[in-house]
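There are 2 protein chains.
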Amino acid sequence: MKNLIIGQSGGPTSVMNSSLYGAVMEAFNQDEIGNIYGMENGIQGLLKGKIIDIVDKIFFGGGNLELLMTTPGAYLGTSKYKLSDDFNHPDYEKIFKILEEYEIGYFLYIGGNHSMDTVEKLNRYAKMHDIDVIFVGIPKTIDNNMIETDHVPGYGSAAKYIANTVREIVTDACVYDVSSVTIVELMGRMSGWLTATSALARKFKGDNPALIYLPEAVFDPEEFLKDVERCFEDKTQVVVCVSEGIHDKDGKLISEYGGEAEYDILGQRLISGCAKYLEKLVKERFHVKTRAIEMNVPQRCSVSMMSKTDQQEAVMCGTYATKLAIRRMTGKVVSLVRVMEDPYLASCGMENVEDVANQSKRFPVEWISENGCDVTEDFLKYITPLIQGYIVFPMSNEGIPTFLYR
Amino acid sequence: MKNLIIGQSGGPTSVMNSSLYGAVMEAFNQDEIGNIYGMENGIQGLLKGKIIDIVDKIFFGGGNLELLMTTPGAYLGTSKYKLSDDFNHPDYEKIFKILEEYEIGYFLYIGGNHSMDTVEKLNRYAKMHDIDVIFVGIPKTIDNNMIETDHVPGYGSAAKYIANTVREIVTDACVYDVSSVTIVELMGRMSGWLTATSALARKFKGDNPALIYLPEAVFDPEEFLKDVERCFEDKTQVVVCVSEGIHDKDGKLISEYGGEAEYDILGQRLISGCAKYLEKLVKERFHVKTRAIEMNVPQRCSVSMMSKTDQQEAVMCGTYATKLAIRRMTGKVVSLVRVMEDPYLASCGMENVEDVANQSKRFPVEWISENGCDVTEDFLKYITPLIQGYIVFPMSNEGIPTFLYR
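Here the protein sequences line up with chains A and B, keeping their order.
The letter at position 19 of the first sequence is residue 18 when you use numbering that gives the first Met the number 0, and the numbering goes up by one with no holes.
The letter at position 329 of the second sequence is residue 328 when you use numbering that gives the first Met the number 0, and the numbering goes up by one with no holes.
Each hint should be verified, as a subset may be incorrect.
Any copy, or any two copies together, can satisfy a pair, since identical chains are not distinguished.
[Claimed, not checked] Under the rule of at most 16 Å between Cα atoms (straight-line distance), these lysine to aspartate or glutamate pairs were calculated in the EDC-like manner:
hint, residue 1, residue 2
1, K288, E228
2, K275, E293
3, K79, D176
4, K204, E397
5, K204, D373
6, K380, E340
7, K202, E397
8, K282, D226
9, K96, D129
10, K234, D176
11, K360, D149
No wet-lab data here; the hints were simulated from the structure.
Since the structure is predicted, the reported quantities are computational estimates derived from the model, not experimental observations.
Chain A with its partners taken away, still in its complex shape:
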């Protein structure tokens, strides 16, 4: 009887621990599976031999596994480590030696497009070397940019958080009887999936946010100022939502208009700051109260607005991955299929990981309104079911939610 190992990879979401919960619970209930291990910090930790005995640690360690479903982030920790394209790289031998040592027969990996690259490579290597390990990917990202799936677990909760928080920001922006522009910057380097959800914040037709700009459309600062001016015709307070990755017709990021491109210590270009630049632009043109708000990391790690639909689908994807593993479906990634529209129903499907890895799905251009500063009804129909349902979460004595931690 072989053991199962599971890892988490890439940026956190509100529900990636729900997928971990689903996969582990299903494995625990399957006679075909021996012990259940977790990699600390994904493949990077595995390479260092940092492996947790989940059964021992949580089931028998006094932990409450159910808490995973209301704990954001990554219980096991993640990494962004990319395996070499060269199969002669020592990483591969090292990884499979450790898998052999722990008698692993099933390898599950929760992650997005880049993490699926790891699943694909390990699966290919195993096949080439006739190693009997099953590899299955579990989809995860707030960005909703994986292909071959209707949507991705993590997106619904991020969408709900953004919709709710923008509605609150609008309420805040409207308390004074003073003309103002509030610019909310949302995550999304290449794609406007997250920013588009701010349209859900409207309480009635014509409500704020009045303007929504995604990276899938060209952003023209002069047109933007005209859009704002038009909004002032029937609004005192104008709230604008922008993706961090909006850019002009030449592809230059608006965040770079304010000065030189900045880089983080890993050499990755920092892309945030467009709201700050637009704030300056608006203030100079209209001389009104202006505020830039960068929503920042809470949009990917808040559980306060977790979508029950999203949580349940995340659990379902984890459960399904274990089921596929037992049925020896290797090199696969779980997908979500929208089976019915009204009432909404989704079920799990299965795709080849080599089709999904390293791909990216952009926001459909036909869901951007003609004027380029809004989204269409069709998008609202798509997103609304994904944010339904509400979670009441366990509170600690201090009055704030209890999180499970290693």
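Given the coordinates of chain A, work out where chain B should sit on it, guided by the hints.
Chain B only, in chain A's frame:
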């Protein structure tokens, strides 16, 4: 039979509409009170004759008054308008003419230290001119800086939001096995009441946030870097919480270290940005992944983490204000008195508005730990009861909370 008018003033909170609800419901049930009016945008709107018939608008207008209790911001709108110190200013005659026209006998005003200045002046003017109107203030602020009260409605919910969000940010900061410093900037120009609540985010002793800095202590950038270095001895990820108003021993704001002081269009000095400056400082010194997060307006307008205790006390203060008004207690402001510690119990008291107006209560220095970068157990004992209890709020069809709006 005289009518009642109520207004909201100053910055929004999560529960200032709960106080409105309490005051209006009590007034509706009192035979001594005729109609109930609301000022749009406080005293500024009143001066323009912008008055809403609340009974007509909400009770009989199909609105659901209960929704006020889960709607953040200010249903009536607020203003920061300051009445003149000179009673010959035309504003006074104008205001009392309008009050006479609407046959107002009771004037309730929900606000903080500066808004109580309005209550105090109007009350004094009425007494001088023998005008029969009762003036009562209802306390409100996220800053908890009003004197003569144990705490202020609005603070508990802001505290709960901060504690929860910082806990989430810590979870997010810890997903990668990479050294990092995350600096969270919280509201508080003069006082650390809000920033102090981030200590509640810790899941265990020694957990992040590892460092907490308030404006009540002098901030020394070099000492700060030493504090961070010490944290790295037993932590891979360090989360720091700072008030926007931290300053050096000469009183210079840390936010101004990065460049010139900025001003908004009303000439008010912009005080945010210290986290951005500290991010630069840390990156240069430690060459680690560094992120500045400005929590921004959600800390004062989010309902997702509303404290039930705070909400109920806000309702109670509103209710009590109407009761005081009927009992002809003019020139008063409602206070909260902590009657019992364990189990916690608070009741309403009454203070003279001239004692409270324009005063400000700072965070007690004895609640700052000796090393200057943490808060004491005594503060945690004080704050913990104020964030207890959880609200399940009504959701719209779109899956996000329903707000009541004018």
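Now the hints, each set against the structure:
1. In this assembly of identical chains, the alpha carbons of K288 and E228 lie at most 16 Å apart only when taken from the same copy (14 Å versus 40 Å across copies).
2. In this homomeric assembly, K275 and E293 come within 16 Å of each other (Cα to Cα) both inside a single copy, at 9 Å, and across copies, at 12 Å.
3. Taking the shortest alpha-carbon separations for K79 and D176, only the inter-copy value of 10 Å comes in at or below 16 Å, while the best intra-copy value is 47 Å.
4. In the homo-oligomer, the alpha carbons of K204 and E397 lie at most 16 Å apart only across protomers (13 Å), although the nearest pairing inside one protomer, at 40 Å, exceeds that limit.
5. Taking CA atoms no more than 16 Å apart as the test, K204 paired with D373 passes inside one copy only; the shortest distance there is 12 Å, against 47 Å between copies.
6. Only within a single protomer do K380 and E340 lie at most 16 Å apart by alpha-carbon distance; the minimum there is 9 Å, versus 50 Å between protomers.
7. For the identical chains of this complex, K202 and E397 are inter-copy neighbours only, at 10 Å across copies versus 34 Å inside a copy, given an alpha-carbon limit of 16 Å.
8. In the homo-oligomer, the alpha carbons of K282 and D226 lie at most 16 Å apart inside one protomer (15 Å), although the nearest pairing across protomers, at 38 Å, exceeds that limit.
9. For the identical chains of this complex, K96 and D129 are intra-copy neighbours only, at 14 Å inside a copy versus 92 Å across copies, given an alpha-carbon limit of 16 Å.
10. Proximity of K234 to D176 under the C-alpha cut-off of 16 Å is restricted to the intra-copy arrangement: shortest distance 11 Å within a copy versus 47 Å between copies.
11. Proximity of K360 and D149 under a CA criterion of 16 Å is satisfied intra-copy only: 11 Å inside one chain copy versus 54 Å between copies.
Going down the numbered hints, you'll see the structure goes against none, and every one checks out.
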